[in-house]
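Undergrad: One letter stands for each residue in the lines below.
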Amino acid sequence: MSETNSDRQRRGDRESAFYLFTQQRLPACKPVLTPPWVITIYFLVGFIFVPVGLFTLRASHSVVEIEERYDIECVPSQFRNDKVSYIQDDSVPKNCSLLFKVDKYMKAPIYIYYQLENYYQNHRRYVRSRSDQQLLHGRNFHGTSYCQPLESSNNRPIVPCGLIAWSLFNDTFTFIRGKALLKVNRTNIAWKSDRDHKFGKNVYPFNFQNGTWIGGGKLNPRIPLSNQEDLIVWMRISALPSFRKLYGRIEEDLDVGDYVVVQLMNDYNTYSFGGKKKLVLSTSNWLGGKNDFLGLAYVFVGSSSLTVAIVFMLLHLRSQR
Amino acid sequence: MKRYVYINENESSHELYCDNRISNRKYTVLNFLPKNLWEQFSRFMNQYFLLIACLQLWSLITPVNPASTWGPLIFIFAVSASKEAWDDYNRYLSDKKANEKLVWVVRQGIRKHIQAQDIHVGNIVWLRENDEVPCDLVLIGTSDPQGLCYVETSALDGETDLKTRGIPATCMGIDFELLHKIKGVIECPNPDKDIRRFDANLRLFPPFIDNDVCPLTIKNTILQSCYLRNTEWACGVAVHTGNETKLGMSRGIPEPKLTAMDAMIDKLTGAIFVFQIVVVMVLGIAGNVWKDTEARKQWYVLYPLEGPWYELLVIPLRFELLCSIMIPISIKVSLDLVKSLYAKFIDWDSEMIDYETGIPSHATNTAISEDLGQVEYIMTDKTGTLTENRMIFRRCCINGVFYGNESGDALKLLNAVAGSSPDVIQFVTVMAICNTVIPIKSKTGAILYKAQSQDEDALVNAAAQLHMVYANKNANILEIRFNGSIIKYELLEILEFTSDRKRMSVVVKDCQNGKILLLSKGADEAILPYAYDGQQTRTFIEVVEQYAQLGLRTLCLAWRELKEDEYQEWSLMFKEASSTLVDREWRIAEVCQRLEHEFEVLGVTAIEDCLQDGVPETIETLRKAGINFWMLTGDKQNTAIQIALSCNFISPEPKGQLLLIDGKTEDEVCRSLERVLLTMRITSSEPKDVAFVVDGWALEIALKHYRKAFTELAILSRTAICCRVTPSQKAQLVELLKSCDYRTLAIGDGGNDVRMIQQADIGVGISGREGLQAARAADYSIGKFRFLKRLILVHGRYSYNRTAFLSQYSFYKSLVICFIQIFFSFISGVSGTSLFNSVSLMAYNVFYTSVPVLVSVLDKDLSEGTVMQHPQILFYCQAGRLLNPSTFAGWFGRSLFHAIIVFVITIHAYAYEKSEMEELSMVALSGCIWLQAFVVALETNSFTVLQHLAIWGNLVAFYVINWIISAIPASGMYTIMFRLCRQPSYWITMFLIVAAGMGPVLALKYLRYTYRPSKINTLQQAERMGGPILTLGNIEPQPRSIEKEVSPLSITQPKSRSPVYEPLLSDSPNSSRRSLGPGTPFDFFQLQSRLSSNYSRNCKDN
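Just so you know, the protein sequences line up as chains A and B, in that order. Its first residue numbered 1, the first sequence is counted upward by one per residue in this note's numbering. Its first residue numbered 1, the second sequence is counted upward by one per residue in this note's numbering.
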């Protein structure tokens, strides 16, 4: 041992931490799972989680949300048995109207979402069928093999290429309250970062929806991609098969008892695969939209951890006796 | 089979033999890449990764950027390859240095300075004092008039003493100048690696003296890598060069050892692989079904109606790639890294430095530290391992008179010598002369002895103290100073010691009266049977036995006067035998036998070999840890048993029992083996400590004919003593235990232990007095036996625990991410979409989860002191309690649970308008990272600064890295992380994931820890709460909670070991029952075993 001590002294202070490391003797704290500690932790978690959960739940409930499914109602009754042929028949008028009753006061801005269900934007074939380079740099960019199977039509490249852009959602909505048209702000619905850095300012749609396969919406070839906000929103693909995408914002408050009539063009085909289409009006707060899950989960986790704490305490007291 | 070396005619040898270019390199510049890659890809895991990486090149099926696999793969291969390349480069450099060293070589009759690599077979090489020998040489001249020179062979065999080498007789007296022109032929065997044999002949051509054939032995050679010492110059003929030298031939790459843990990890990897295939098949089928039923309707996916022929394969292959991370690519790198750190800890350990010599412990093999913690059998050598190998002459018996007892042996003897008893003088003369010791006069005038054998050293030193000083060796003239006068002897022949003959003799001529004497010393059975007819050897036998029971090493000394003509006649035969090329050793032994008979036995010497410090404690502790000890020694049975008793190997108490297996014939051995086996079977249920003793002869028969029975015995017996065993038998025994699936550790210090050390799972060498040969061949070298305790209990145990955690954790974290991917595939149309982007996946495996876990190399579940006090705790490592399929299943379940938690919470908290792909994937990933941090924290037993830094620093680093990536406009996740971190719901989700994921895990761990604690937990509590639990006895009477612990404890210690053993073995030699023969002291036991076998037979009859 004496050698060890002299050794240590010789190495001096600066190296002593390293020396302790080499000897595996770094000072260490060794926590023990003692009953008091563990019970305290569970109590603490319980006492924090339950209030936070209730608070979150309240926040979620304070969000006013009106949701209406319209894909069935908007099909005329004679086509109800064959909705696919209805949607694919261009000669049939597709307009339709919905009535929203406002039950709670909705403070502006009110977000308008369209919601698709059973729609697999996360399908592998779909996810990968896009060219970020082309979206940013336009036709000058030639490596569009990512866009398979829709990289070109009639031997000319498509801008924007790929399945995602091709299947652009194209139902349109107009909102009327009473007699007056409700003003819907359709700008700034896409992320600013996308508009500035992901979609080119000098890239214009080209040869889009000209092919044999007819997909979704068309694009105005005179507007650059960076201003095609519906496209930008659509191309932020969703990870879940049910999703909402922002359509616009109503920048007026809606009062209790207001009726909002929605005139819509039911163009988008979800009938062939049994998808649902919904229109959602929702306010927003710090939590985002209406979502009870977090609140409920917090209350659940908090209360179970309180239960666990009490059980552990009883067990501990019994074993001590 | 033979090579003919023509001296000084190098042209002819150029084509036949290689030049002296040494090459230890494994690769050349050209073949490095292919050869190295080939080697790396011969491992299954690497092949798997390569296959995955190649599949990823097919963009149709790859879920992520191929770089996410190729990056780590190339990195890992580059690391391994550059390590190899660096090692090889260093070998090249050292080769180059050796090859370009300048040496003096005779070319065309002139001495020239040339590079060592240009030496050819047949060249004459000149060496000066302290030169390194560049190739194997046959000496033809030295500065010494007697043609002697001294070499240090430590680089070759680790022996540090100087060895004498001499020129062959025919070259004697050749003039210095003439040596340049000497011509002749050396007939020598083809290169082999035996550094103790060189059976060759030399014939010089006219005009050099006669053209007689002169025999050459290893004594006439100096081998590559030795150093010339104490000699002004020497010259020799190159016979073996380059890689064909003895050193070059013995250089071999030992087979890499695989630890039990590696094997277990491989097994688990295999299981995961099977699981992966099952998952892939299920998902592949589901994916194809979904595609045909659903995806064709989804117009936006635009599935072609007719796919290519391989279409059915595409989805399964996609899932194969998606699931490929189940087998973590990082595990190999992590394990390599921590293993080399374990080895470093051993090297650094200041408590394992031998302060007498200043030699630290060293881990040569950096890959097998975990095995140390799983040792079940220790095979130990005796001399030099358990004992100091510092021999001290203690007692002797001359002509029936006993000299020496507990105190002051030399004094009594001195008096006898002073009284000029001729017996005693003769005895001491033999002690002084009959050896191969070289006396070296130091500058102060004191005489130092350079001896190859510690026994000889002890004897010569003892003789010197008795005023019979072996003063000088001048060529063949030995000078003895005795009581002031100088007596000279001419050394005629040395009949060397071999392990077969077990004796050595010298033939000397007394220069005073011209008498020729044969002086011999050796083991009792090699001397006493050859005593002349009239001599009573009975007393000697008894003396030998008595000494042996005291644990002393005995040697019998004998002499005989030879007649002149008898010697002359024999000398011719000896010379002839020494020059045979075939079976020389056997022939010499036969010739020696003709001289070594009709001895007059002078007496018996007893040399004590002290036990090393701390040997009994070490053995006791390790036996408590459940490790079985076998002692394998070349020594006599009684000596071995005595040493075994004195170092707690076996202990004398009524409960102990020693069973002897002996016999000279097959039948006898068979009978005694069966007897022992029966006893053993009966006593294995009793709390008895049974050991068996077997000698080399019986062992030979047992291993040959009754291997099965002997194996059973080996399994039943916790302790064994094998005496009189040869090196190859030692290795056989290790092999036997290994074949029973035991983890064996062999520890030894000498060249005779090398085979056993290499054979065992773990070889430990003691860098002791017998040189470094064992230490070089070993995986670990330590300075003293007692360090073995620390090596196993501290280093082995910690290594095992750490690797157990690290490997399982590596699988756990890969499985978590993989399960999430699998769950995600169910909500993405079973199409094989990856939720995570390539960068995240790569960073997750390589960085986020690897760094914190690497710091677990500092984790200590129990302090070193506690482990030393409670060695039984090693049982958890031995039995593989911390890494086995069931613990792995626990981790598997945990990964499944955590994946569900992360996945369910993420998709619900981020539903609808928040379900953007990049955001959702980052939420899930950060959920995993948070959980990882807490899992590591929960599994860490001791937090040092580094652990805190790694665990929490890693969490911070995760955010920093992702913020940086989020700040790059070109990256896919531009602004994502900033967006998330601004959302309160993100943080709420994270805390929810942690609480929901860790709550149940903590609860389970706490319940187990408090209400069903393992032995480790109990000790942890005791150690940290300052509890008084210091012995196992104290644990039992404590409350119920610990009661359950008793049963696993009794597994650790199936037999309660009592501190003392039966005194039956130590009874004194006065017992009249004892007759001749080595087996007799065990009569009682044999009787007992016979009784018990009868007993068992009766039982059966009933």
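These aren't lab readings, by the way, just hints derived from the structure by calculation. Quantities reported herein were computed from a predicted structural model and do not represent experimental measurements. Every residue gets a Cβ at the ideal spot worked out from N, C-alpha and C, and that includes glycine. Treat the hints with care, since some could be wrong.
Per label pair, the in silico range of CB-to-CB distance [as the list claims (entries may be wrong)]:
(1) Lys30(A) with Thr293(B): 37 to 47 Å
(2) Lys30(A) with Leu60(B): 52 to 62 Å
(3) Asp132(A) with Met1025(B): 24 to 34 Å
(4) Ile440(B) with Phe18(A): 42 to 52 Å
Straight-line C-alpha distance at most 27 Å; calculated BS3-like pairs for lysine-lysine [unchecked claim]:
(5) Lys443(B) with Lys515(B)
(6) Lys112(B) with Lys97(B)
(7) Lys297(B) with Lys278(A)
(8) Lys30(A) with Lys97(B)
A partial selection of chain A residues facing chain B, derived with a Cβ cut-off under 7 Å [stated by the list, open to error]:
(9) Leu33
(10) Tyr120
(11) Pro149
(12) Leu181
(13) Gly211
(14) Gly288
Undergrad: Hint by hint, note whether the structure agrees.
TA: How the hints compare with the structure:
no. : hint                                  : result
1   : Lys30(A) with Thr293(B): 37 to 47 Å   : violated (57 Å)
2   : Lys30(A) with Leu60(B): 52 to 62 Å    : holds (53 Å)
3   : Asp132(A) with Met1025(B): 24 to 34 Å : violated (59 Å)
4   : Ile440(B) with Phe18(A): 42 to 52 Å   : holds (44 Å)
5   : Lys443(B) with Lys515(B)              : violated (34 Å)
6   : Lys112(B) with Lys97(B)               : holds (19 Å)
7   : Lys297(B) with Lys278(A)              : holds (20 Å)
8   : Lys30(A) with Lys97(B)                : violated (52 Å)
9   : Leu33                                 : holds (5 Å)
10  : Tyr120                                : holds (4 Å)
11  : Pro149                                : holds (6 Å)
12  : Leu181                                : violated (25 Å)
13  : Gly211                                : violated (11 Å)
14  : Gly288                                : holds (6 Å)
Comparing the model with each numbered hint stated earlier shows that hints 1, 3, 5, 8, 12, 13 do not hold.
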